[in-house]
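S.K.: Starting from the known structure of chain A, fit chain B onto it as the hints suggest.
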Amino acid sequence: SQQGEEDPQALSIQEGENATMNCSYKTSINNLQWYRQNSGRGLVHLILIRSNEREKHSGRLRVTLDTSKKSSSLLITASRAADTASYFCATDAPSGYSTLTFGKGTMLLVSP
Amino acid sequence: DTAVSQTPKYLVTQMGNDKSIKCEQNLGHDTMYWYKQDSKKFLKIMFSYNNKELIINETVPNRFSPKSPDKAHLNLHINSLELGDSAVYFCASSPNSRGNTIYFGEGSWLTVV
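Residue numbers (our numbering), protein chains in the order written: chain A, 1 to 112; chain B, 1001 to 1113.
The following block holds chain B by itself, in its conformation from the complex:
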């Protein structure tokens, strides 16, 4: 069974559109994350939630809005998509927010045209 699953895996959309990426973890973890990986493979934290509460927000444009309906889900909604938003977005989880191993999803490839 997939531990951290995110959908869709591939998403091609036009500039200006709004899109969402969903993420679910079945590991019973308290902490979930969104990371962005650019074309040079640089992986950067965007958000971190602990028990549905936002604990880290790393200077991400407010067009990006994470939503955590419960601690097993962390969805990412992006408004007014721009070309520079094209990247791979990884959802991840860890047992808690203190320096644990992080478990990653398979990634969502977003292409904005």
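With the rest of the complex left out, here is chain A:
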């Protein structure tokens, strides 16, 4: 069953602005990951945050995780046209053989 739900479904901003995408999930997790998918391409891993972490940074990316609210956010600062893509959160269950369960994604359009 689907675990993550991204919000908003689509986001349109201007270059230089910040973009924030949210992800909510339903069950307990081991970690949460964010992926990017450019049009016509495969998914590329961006960042992983473990359940005992609250915030993580990678370049212009900032991810937060609130396990009490079962939610995460991805912030892209100073966006560029090249950031135009779909962004997916994926959750990993804490036990058994794990496989990432993906949300439906947020489509981000960054206009020059």
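Hint data in this document are derived by calculation from the structure and do not stem from the laboratory. Don't be surprised by glycine CBs; every beta carbon is placed ideally from N, CA and C. Watch out, some of these pointers could steer you wrong.
Pairs of lysine-lysine residues, derived as DSBU-like cross-links and limited to a Cα-Cα distance of at most 35 Å, are as follows [said to hold, decoys possible]:
1) A/Lys-104 / B/Lys-1041
2) B/Lys-1036 / A/Lys-104
3) A/Lys-104 / B/Lys-1019
4) A/Lys-104 / B/Lys-1071
5) A/Lys-70 / A/Lys-26
6) B/Lys-1044 / A/Lys-56
7) A/Lys-104 / B/Lys-1022
8) A/Lys-69 / B/Lys-1036
9) A/Lys-26 / B/Lys-1041
10) A/Lys-69 / B/Lys-1041
11) B/Lys-1071 / A/Lys-26
12) A/Lys-26 / A/Lys-69
13) A/Lys-69 / B/Lys-1044
14) B/Lys-1044 / A/Lys-26
15) A/Lys-70 / A/Lys-104
16) A/Lys-56 / B/Lys-1036
17) A/Lys-104 / B/Lys-1044
18) B/Lys-1040 / A/Lys-69
Which residues of chain B face chain A? A partial, calculated answer using Cβ under 7 Å [unchecked claim]:
19) Ser-1048
20) Ile-1056
21) Gly-1099
22) Ile-1102
23) Gly-1105
M.R.: Just chain B now, with coordinates in the frame of chain A:
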């Protein structure tokens, strides 16, 4: 060098046909996957193999049969193709089956007409 490669990238075929999609990873990973992405971009796990052994099979019709000749290859064979099978199929791999980063191939666009 491509880490996870799958072929063909595009496949157009008629209903009722049988087709295969091949996948190879050169990352030395133990675990490989097949995901299906529908027209609304929803990505759903189909199968997962760990060291050539099937570990996850997510209620996929038995017309879909994965085959893993070795841990670097996971091929997907589809029998009696139906219109609803049209989607993008992604092969992927990860170091092991425990919550790692997943590395995706570029996808195979299957259109059934």
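S.K.: I'd like to know which numbered hints this structure contradicts. Please list them from smallest to largest.
M.R.: none
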